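Got chain H; can you put chain A on it based on the hints?
Sequences listed follow chains H and A, in order.
Every letter in the first sequence is one number past the one before it in full-length UniProt numbering, and letter 142, counting from 1, is 142.
Every letter in the second sequence is one number past the one before it in full-length UniProt numbering, and letter 28, counting from 1, is 28.
Simulated from the structure, these hints should not be mistaken for laboratory data.
Since no wrong hints were added, every one of them can be taken at face value.
Since the list can't tell identical chains apart, any single copy or any two copies may satisfy a pair.
When the alpha-carbon atoms are kept at most 30 Å apart in a straight line, the in silico DSS-like pairs for lysine-lysine are as follows:
no. : residue 1 : residue 2
1   : Lys76     : Lys246
2   : Lys195    : Lys251
3   : Lys93     : Lys248
4   : Lys198    : Lys248
5   : Lys195    : Lys54
6   : Lys178    : Lys202
7   : Lys261    : Lys198
8   : Lys54     : Lys205
On a predicted model such as this, the values are computed, not experimentally measured, just so you know.
Protein chains: 2
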Amino acid sequence: MIWFTEYQTENVGLTLKVRQLKNVHSKYQNIYLFENQDFGKVLVLDGAIQTTEKDEFMYHEMLVHPALVKHKNPEKVLVIGGGDGGSVREILKHPSIKQVDLCEIDEEVILISEKNLPNISGKLRDDKVKIYIEDGNEFLNERKNYYDVIIMDSSDPIGPAEVLFKSSFYDKVKEALKEDGIMVAQTESPFLQEKFFKNAVKEIKKSFKYFGVYTGFVPSYPAGMWSYTMASDNINILEDDEGYKKLKNIKTKYINEDIYKSLFKAVPQFIKDMIEEQ
Amino acid sequence: MIWFTEYQTENVGLTLKVRQLKNVHSKYQNIYLFENQDFGKVLVLDGAIQTTEKDEFMYHEMLVHPALVKHKNPEKVLVIGGGDGGSVREILKHPSIKQVDLCEIDEEVILISEKNLPNISGKLRDDKVKIYIEDGNEFLNERKNYYDVIIMDSSDPIGPAEVLFKSSFYDKVKEALKEDGIMVAQTESPFLQEKFFKNAVKEIKKSFKYFGVYTGFVPSYPAGMWSYTMASDNINILEDDEGYKKLKNIKTKYINEDIYKSLFKAVPQFIKDMIEEQ
Chain H
1 MIWFTEYQTE NVGLTLKVRQ LKNVHSKYQN IYLFENQDFG KVLVLDGAIQ TTEKDEFMYH
61 EMLVHPALVK HKNPEKVLVI GGGDGGSVRE ILKHPSIKQV DLCEIDEEVI LISEKNLPNI
121 SGKLRDDKVK IYIEDGNEFL NERKNYYDVI IMDSSDPIGP AEVLFKSSFY DKVKEALKED
181 GIMVAQTESP FLQEKFFKNA VKEIKKSFKY FGVYTGFVPS YPAGMWSYTM ASDNINILED
241 DEGYKKLKNI KTKYINEDIY KSLFKAVPQF IKDMIEEQ
Chain A
1 MIWFTEYQTE NVGLTLKVRQ LKNVHSKYQN IYLFENQDFG KVLVLDGAIQ TTEKDEFMYH
61 EMLVHPALVK HKNPEKVLVI GGGDGGSVRE ILKHPSIKQV DLCEIDEEVI LISEKNLPNI
121 SGKLRDDKVK IYIEDGNEFL NERKNYYDVI IMDSSDPIGP AEVLFKSSFY DKVKEALKED
181 GIMVAQTESP FLQEKFFKNA VKEIKKSFKY FGVYTGFVPS YPAGMWSYTM ASDNINILED
241 DEGYKKLKNI KTKYINEDIY KSLFKAVPQF IKDMIEEQ
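So here's chain H without its partners, still in its complex pose:
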């Protein structure tokens, strides 16, 4: 019997019974794929669980839909990271979308997801999608005033994704957005990864005039508690809007109109206090 343990900190781990499927080293990282009875197939990068068949909808829906319904008419969207394809799948549910660019540094992640996780990656070859195998930081040097929404679907801020959590990078994101553009980033767990979380919020705050943090469940991520930060230079993120109406026509399993309406409000008080401090 084989078990895989993700050490979420030096003192805490999530341990899963494993049926091994694949274990390869790409140019950038170790990619490990296995199957677990409760989580389905599990994709692990450098020891950290990225996506599981059973709970990926919680992460991808909460990462993608709030920014896309907050924006009045998103047509061009960029995903940085997100090689498993889950964010792209959710983006394409919005009828206004005309173009989705995916910038993933590691092609192996895409290829392994396409071969093994079709329910997650199945929309990556949609006509509206263009895949760039590039470093997100360099990719943005070429794109100015172009996207309506940019989605930061990155791995943890250690290794290849570290640069994606710095204010100098968020400044480039801002420049790549149109004037009324919106960015959203996964910003780690406020519990067990408090430092990563606080730092991400602090850096985003340096770059954008408006921002807001929300939380959601992701059982396979540290503490089962995940955070997302939305930001813009022209849209007051925290202001109420009627974006929830657009959710009526989008098929989801996690987010609903009520979750959107209370998104930035119904956040645990200790997290609100941490945000205030940054």
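Okay, now just chain A, sitting in the frame of chain H:
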């Protein structure tokens, strides 16, 4: 180096680095207390984590405050289980409270908590609190039309707490409540413990006219995702009320006015769907 693993299912575990403090067998169960760098002191009953110093506030605040502010003027409250004292501590924050009865089957849990977890158990000897070392099921035979609020702070529905999740038991809870009384129960994790969750909701629904389910983070519990079910025969649980105003004057770290306002609404859609099916 010693690690403790709670196998939350046959295929998933939470593993914590351990500094052992105590490991005893009481009349009812194994009681294990250890210290972990990220969770602080951890109390384990029969292999299942019950409470940790670092995240117990998330559980106890969400279990206690919603029912106490939903009720117009709670004076007499009963806790079944809850030997660690965390629920009692939260109840006593409400100025209307005159009497708190705690019915815990295992005195050892109380004694170990009082000796080792003073921040959690510290209010158990308050003048308003009366402790009964009894089986909750039998205790209720003697109490009719007496309590304003009853809080089911039980362990998992296996072993000594199994009976506390059956409709025949909830009927007794109803009889022990005054006419406008409210019950709230911890009802397990909707992910990883889906069967326990569905069954608890189904049984509560059989006994009470009105009910509502809400969720919250508890990192040390299965999936980090916990559920609570509130029920009453006379108070329409799902109706909006002004209970949130009472939260203004109560010091909390997790629940706040906004969380209360969207309590039964901002629930992930797949959980709402599960509730509908019961």
